[in-house]
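Trainee: Spelled out from the first residue to the last, the chains are:
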Amino acid sequence: MLKIKLKMAILTGFSVLTLGCSVNETVTVVVQDDGNLTQTIESNSDLLAENLMIAGTKTAFVGDLLKAQVEIKNASDDRLSFQYKFKWLDKRGFEVGIGSRPWHPISITPYESKMVQGVAPNPSVNSFTVLVQD
Amino acid sequence: MKFIQVFIVIMAALALASCSTKISYGDATSVETTTTGFGSTDLQTIAEKLVDDLITFPPIVQMTSERRPVVFVDKIKNKTTEHIDTESITDTIQTKLLQSGKFRFVDMTTVQAVQEQMKFQMDSGMVDSNKAAAFGKQTGAEFMLYGNMSSIVKRRNDTKDVYYKFTLKLVNLESGIIEWASEKEIRKSSEKTFFLN
Chain C
1 MLKIKLKMAI
11 LTGFSVLTLG
21 CSVNETVTVV
31 VQDDGNLTQT
41 IESNSDLLAE
51 NLMIAGTKTA
61 FVGDLLKAQV
71 EIKNASDDRL
81 SFQYKFKWLD
91 KRGFEVGIGS
101 RPWHPISITP
111 YESKMVQGVA
121 PNPSVNSFTV
131 LVQD
Chain B
1 MKFIQVFIVI
11 MAALALASCS
21 TKISYGDATS
31 VETTTTGFGS
41 TDLQTIAEKL
51 VDDLITFPPI
61 VQMTSERRPV
71 VFVDKIKNKT
81 TEHIDTESIT
91 DTIQTKLLQS
101 GKFRFVDMTT
111 VQAVQEQMKF
121 QMDSGMVDSN
131 KAAAFGKQTG
141 AEFMLYGNMS
151 SIVKRRNDTK
161 DVYYKFTLKL
171 VNLESGIIEW
181 ASEKEIRKSS
191 EKTFFLN
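Chains as they are written, first to last, in my numbering: chain C, 1 to 134; chain B, 1 to 197.
Watch out, some of these pointers could steer you wrong.
Unchecked claim - Calculated lysine to any residue pairs in the SDA-like style (CA-CA distance at most 20 Å, straight line):
#  : chain 1 : residue 1 : chain 2 : residue 2
1  : B       : 49        : C       : 62
2  : C       : 91        : B       : 188
3  : B       : 49        : C       : 101
4  : C       : 67        : B       : 99
5  : B       : 188       : C       : 58
6  : C       : 114       : B       : 49
7  : C       : 67        : B       : 188
8  : B       : 49        : C       : 69
9  : C       : 85        : B       : 27
10 : B       : 188       : C       : 69
11 : C       : 58        : B       : 57
12 : C       : 58        : B       : 27
13 : C       : 114       : B       : 184
Simulated from the structure, these hints should not be mistaken for laboratory data.
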């Protein structure tokens with residue numbers, strides 16, 4: 001009995017550790033040269049990816065800088081607290097400003113949507129990815 | 001009997017674990033919630049929000065599409081009860097603005113060092129006078145960035161609530177007109193919890 005309990009505790013601890021480290025690419029949006037958007041929504045099997053939905057994305061150029069708004073929806077009946085950040089990429093797929101963008105804490109009540117916004121660090125950016133982690 | 005043996009082994013393992021020092025590198029951009037005090041996440045989010053606001057403000061967008069204005073960064077007044085390195089916040093803001101390619105800066109913190117270097121170039125006789133940096137050629141700033149940081153702290157029993165407000169303004173040095181201003185608010189709260197309620 002003690003052995004079973006011990007095994008269960010180890011397994012639970014391990015799964016909590018694994019979840020705590022997971023980073024999911026939730027949505028990737030590329031602005032084509034003609035102004036059209038190519039959007040890829042990732043659906044990983046991790047906890048957050050199962051409960052979060054991308055309800056919509058909007059992009060616009062402010063001057064020569066790409067501005068993005070992403071609507072994230074909590075599709076579960078629990079309050080979700082997690083972190084998100086924008087990853088900005090240039091035309092050749094190189095990440096711009098590596099390590100300069102912080103994770104933002106966010107909390108969304110059940111079935112509610114929240115808009116998150118970001119502005120590209122410089123004019124070389126034409127696509128972005130929103131990352132989430134718990 | 002077996003249970004006692006297992007208990008002793010666990011306690012010994014815990015005692016050994018508590019003696020060891022583990023050093024690891026973490027993600028400098030991850031959310032830090034060690035205390036309700038001003039932290040790295042606050043600094044990074046303040047800088048990001050204000051820079052995003054400044055470079056997308058329509059009159060600034062129009063101006064920076066034609067030229068790269070020269071800006072001087074003044075000190076941020078810390079009106080909170082905490083010791084906060086506000087220069088670190090303005091350093092991050094300045095770096096992000098420079099990297100956007102929209103602004104240029106003059107650095108008043110290095111005036112003395114620059115002066116000494118230029119005097120050395122002019123007077124020491126060791127530098128080719130044709131290649132020495134000449135006095136009176138520096139560019140004056142057109143704008144000044146300055147601001148305030150304030151906080152409201154409230155406590156009740158085991159609950160603490162901290163509210164920070166960071167305000168940044170851009171003033172035209174010649175006309176005195178504030179061309180842009182923005183704020184970032186942060187609310188943090190903590191509650192002492194016990195495992196055995």
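Trainee: Run the distance test for residue 114/C versus residue 184/B: straight-line Cα separation, threshold 20 Å.
Mentor: holds, 18 Å
Trainee: Just to be careful, I want the Cα atoms of residue 85/C and residue 27/B compared with a cutoff of 20 Å; is the pair within it?
Mentor: holds, 13 Å
Trainee: For the pair supplied as a hint, residue 188/B and residue 69/C, confirm whether the alpha-carbon distance does not exceed 20 Å.
Mentor: Violated. Residue 188/B to residue 69/C sits at ~25 Å, over the 20 Å cutoff.
Trainee: Run the distance test for residue 188/B versus residue 58/C: straight-line Cα separation, threshold 20 Å.
Mentor: With a Cα-Cα distance of about 30 Å, the restraint between residue 188/B and residue 58/C is violated, given a limit of 20 Å.
Trainee: Under the criterion that the straight-line Cα-Cα distance not exceed 20 Å, is the pair residue 58/C, residue 57/B satisfied?
Mentor: holds, 18 Å
Trainee: If you draw a straight line from the CA of residue 91/C to the CA of residue 188/B, is it 20 Å or shorter?
Mentor: violated, 38 Å
Trainee: Within a Cα-Cα threshold of 20 Å, do residue 58/C and residue 27/B meet the stated pairing?
Mentor: Judged against 20 Å, a Cα distance of about 29 Å means the pair is violated.
Trainee: Does the structure keep residue 114/C and residue 49/B at a Cα separation of 20 Å or less?
Mentor: holds, 17 Å
Trainee: Does residue 62/C lie within 20 Å of residue 49/B when you go C-alpha to C-alpha?
Mentor: holds, 15 Å
Trainee: Is the straight-line distance between the alpha-carbon of residue 67/C and that of residue 188/B 20 Å or less?
Mentor: violated, 28 Å
Trainee: Measure nothing beyond the straight line between the CA atoms of residue 67/C and residue 99/B; if it is 20 Å or shorter, mark the hint as holding.
Mentor: Judged against 20 Å, a Cα distance of about 16 Å means the pair holds.
Trainee: Given the hinted pair residue 49/B and residue 101/C, is their alpha-carbon gap at most 20 Å?
Mentor: Holds, at about 11 Å.
Hint compliance for this structure: hints 2, 5, 7, 10, 12 are not met, and every other hint is.
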